[in-house]
Amino acid sequence: MEVEVIFKIAAIGILTAVCCQILKKADKEELATLTTLAGLVIVLSMVIGMIGTLFDTLKNLFSLY
Amino acid sequence: MEILKIAAIGITASLLVLFVREHRPDVAVLIGLAAGILILFSVVNYLTEAISALQALMDKSGIDLEILQAVLKIIGIGYITEFAAHICEDSGSRGIADKILFGGKVLILIISLPLLSAVIEIILSLLP
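Sequences listed follow chains A and B, in order.
Per numbering that gives the first Met the number 0, the very first residue in the first sequence carries number 0; after that it's consecutive.
Per numbering that gives the first Met the number 0, the very first residue in the second sequence carries number 0; after that it's consecutive.
Next comes chain A alone, as it looks inside the complex:
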């Protein structure tokens, strides 16, 4: 749960971008948009998990019930 999370997210972003370029060249437009969406969903699920833990720690820290 350290810096490698940032590298993981960046890697997913770049990979999906590259896949889209390849799929666009192979004129499979709909697959390209699907891979973009899949990459976004993966990254979002990771980040939303982190936001959940952040808000929990803040709630306990500042007793914000």
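For the record, the hints were derived by calculation from the structure and aren't laboratory data.
Model, not experiment: these values are computed from the prediction.
C-beta: ideal position from N, C-alpha, C; glycine also.
Honestly, I wouldn't trust all of these hints.
Computed beta-carbon distance windows for the label pairs [to be verified]: (1) A:M45 with B:E88: 19 to 25 Å; (2) A:I41 with B:K104: 34 to 40 Å; (3) B:V118 with A:M45: 41 to 47 Å; (4) A:L14 with B:I2: 30 to 36 Å.
Derived lysine-lysine pairs resembling DSS-like cross-links, with alpha carbons at most 27 Å apart [stated by the list, open to error]: (5) A:K24 with A:K7; (6) B:K4 with A:K58; (7) B:K72 with B:K98; (8) A:K58 with B:K72; (9) A:K7 with B:K4; (10) A:K7 with A:K23; (11) B:K104 with A:K58; (12) B:K59 with A:K58; (13) B:K59 with B:K72; (14) B:K72 with B:K104; (15) B:K98 with A:K58.
Every beta carbon over 12 Å from chain A, so not counted as near; a handful from chain B, in silico [said to hold, decoys possible]: (16) L56; (17) K59; (18) G61; (19) D63; (20) R93; (21) K98; (22) G102; (23) V118.
Dock chain B against chain A, hints included.
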């Protein structure tokens, strides 16, 4: 040293954001969000120490804990509002960021009202 880790996380994240932004602007915003969360997690232990020290101080000084609870709540709300507003601003929607700031201000006002009345009572009791 914590500050080195924070600086390293911040620099790498901003460079990655710059790099990923041309291909995928949405993922770039999420990288910034993740970096912000990591930076907070690296200092959260010191924050808990500071807050427990403050509470010990308040117990000794005899001021009732209600005031410290309100101050901590205000700090927490301020931090979360700032965090959310900056994320919205990064992703380009400045209007939503301002709305979040407005909501945060209203909540802080509501929490600080009892403090205000406490201060006024103390002042009135001091007057002859």
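Hint by hint, here is what the structure shows:
1. A:M45 with B:E88: 19 to 25 Å: holds (22 Å)
2. A:I41 with B:K104: 34 to 40 Å: At 36 Å between Cβs, range holds.
3. B:V118 with A:M45: 41 to 47 Å: holds (45 Å)
4. A:L14 with B:I2: 30 to 36 Å: Roughly 32 Å apart at Cβ, these two residues keep to the hinted range, so it holds.
5. A:K24 with A:K7: The hint holds at about 26 Å.
6. B:K4 with A:K58: Holds, at roughly 24 Å.
7. B:K72 with B:K98: holds (20 Å)
8. A:K58 with B:K72: holds (9 Å)
9. A:K7 with B:K4: Distance of about 18 Å is within 27 Å: holds.
10. A:K7 with A:K23: holds (24 Å)
11. B:K104 with A:K58: holds (18 Å)
12. B:K59 with A:K58: Judged against 27 Å, a Cα distance of about 25 Å means the pair holds.
13. B:K59 with B:K72: Distance of about 21 Å is within 27 Å: holds.
14. B:K72 with B:K104: With Cα atoms ~13 Å apart, K72 of chain B and K104 of chain B stay inside 27 Å; holds.
15. B:K98 with A:K58: Roughly 22 Å between the alpha carbons, so the hint for K98 of chain B and K58 of chain A holds.
16. L56: Given a closest Cβ separation of 17 Å, the condition holds.
17. K59: holds (20 Å)
18. G61: Non-interface label on G61 of chain B holds, nearest chain A Cβ at 20 Å vs cutoff 12 Å.
19. D63: Non-interface label on D63 of chain B holds, nearest chain A Cβ at 15 Å vs cutoff 12 Å.
20. R93: Non-interface label stands for R93 of chain B: nearest chain A Cβ at 21 Å, farther than 12 Å.
21. K98: Answer for K98 of chain B: holds, closest chain A Cβ roughly 19 Å.
22. G102: holds (14 Å)
23. V118: holds (22 Å)
When held up to the earlier numbered hints, the structure conflicts with none and fits them all.
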